[in-house]
Amino acid sequence: MAIETAGLTEGCKSKALENDRNYHYILFLGTSPSARGQGLCSKLVKHYQTIASKEGVPIWLEAATEYRWRLYLKLGFVTVEELKLGVERAAETGRHCKGGEAVTLRGMIWRPDGVKEPCSTAT
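When the letters of the sequence shown are read in order and numbered with numbering that gives the first Met the number 0, they come out as residues 0 to 122.
Honestly, the hints are just simulated from the structure, not real lab data. There could be a bad hint or two in this list.
[What the hints assert, rightly or not] Subject to a maximum C-alpha distance of 27 Å in a straight line, what follows is the list of computed DSSO-like cross-link-like pairs (lysine-lysine):
| no. | residue 1 | residue 2 |
| --- | --- | --- |
| 1 | 83 | 53 |
| 2 | 73 | 14 |
| 3 | 12 | 83 |
| 4 | 12 | 73 |
[Claimed, not checked] So the derived label-pair ranges between C-beta atoms look like this:
| no. | residue 1 | residue 2 | range |
| --- | --- | --- | --- |
| 5 | 38 | 17 | 25 to 35 Å |
| 6 | 14 | 37 | 27 to 37 Å |
| 7 | 32 | 54 | 32 to 42 Å |
| 8 | 34 | 14 | 18 to 28 Å |
| 9 | 65 | 38 | 10 to 20 Å |
| 10 | 10 | 34 | 30 to 40 Å |
| 11 | 33 | 54 | 28 to 38 Å |
| 12 | 10 | 33 | 33 to 43 Å |
| 13 | 43 | 65 | 27 to 37 Å |
Glycine is no exception: its CB is placed at the ideal position from the N, C-alpha and C atoms.
Make the full structure from the sequences, and use the hints.
Spelled out as structure tokens, the structure:
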């Protein structure tokens, strides 16, 4: 699914960032189950938002779970597009599952204050 992910997300990212020459990309961010609920992920994202604000550039990421999607929404990210990965081949968890509903990836962008927001294609 890694190759499929790159193809799907690249198109979404290109649309959202077509006028942005520079941006930050949070590729992967995770928290150990024993450390969850302490705000560590939020602190790290806010740290990068401060850096991006100083540079006047957006941050791009893909949220692979509903929990992360809601977290990033709280941090000011906007959903650009919902993508389905592994349709008929994977469950929502990403595990192989014939006839599965697929993994939902949400392409998301955050822009510093004063930087024009893109049009969101997601509902």
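Which numbered hints does this structure break?
Hints 1, 8, 13 not satisfied by this model.
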